[in-house]
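Student: Position 50 of the sequence shown, counted from 1, bears residue number 50 in UniProt numbering, the numbering being contiguous throughout.
Hint data in this document are derived by calculation from the structure and do not stem from the laboratory. There's no promise every hint is true.
Distance windows between CB atoms, simulated [what the hints assert, rightly or not]:
no., residue 1, residue 2, range
1, N56, N77, 32 to 42 Å
2, N56, E83, 13 to 23 Å
3, D30, N56, 33 to 43 Å
4, R91, D58, 44 to 54 Å
5, A59, Y39, 36 to 46 Å
6, L82, I53, 24 to 34 Å
None of these values were measured; they are calculated from a predicted model. Just so you know, even glycine gets a beta-carbon here, dropped at the ideal spot from N, CA and C.
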Amino acid sequence: MSQIQSLKNQGLNHTIFKTDIESPHSNTSDLETVLNRLYHRENEIFKRIVIAIRINDDAQSTMLASELLRIRVLKRNICFALELLYNYNTRHSYLSI
């Protein structure tokens, strides 16, 4: 289905999906690994937002809040993709029995 590629761009980690026609069966552990990293990144950013708010740095807190929203949307999309993969694998494993 998809192949995950992690890129570093200006010190920020971004994750993109690249379609891969050659491997139709996606490895769910890749998605789970990315999801786990996003949870850790979300916690780091949240702590930095708290610090920025304490020192009244509105620009920094706004930028970090925007990054936090992007991470949460990406996490939601990955969770949805994982659910689809699990349902697909479950249906096809029962059909092959």
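Student: Each of the hints needs a verdict: does it hold here or not?
Tutor: Cross-check of the supplied hints:
For N56 and N77, the Cβ-Cβ distance of about 34 Å falls inside the hinted range of 32 to 42 Å, so the restraint holds. Our hint of 13 to 23 Å for N56 and E83 is violated, since their Cβ atoms are close to 41 Å apart. Between D30 and N56 the CB atoms are about 41 Å apart, so this pair conforms to the stated range of 33 to 43 Å. Separation of R91 from D58 is about 50 Å and conforms to the stated range, judged on CB atoms against 44 to 54 Å.
A59 and Y39 have their C-beta atoms about 26 Å apart, which leaves the hinted 36 to 46 Å range violated. In this structure the hint that L82 and I53 lie 24 to 34 Å apart at CB holds, the actual value being about 33 Å.
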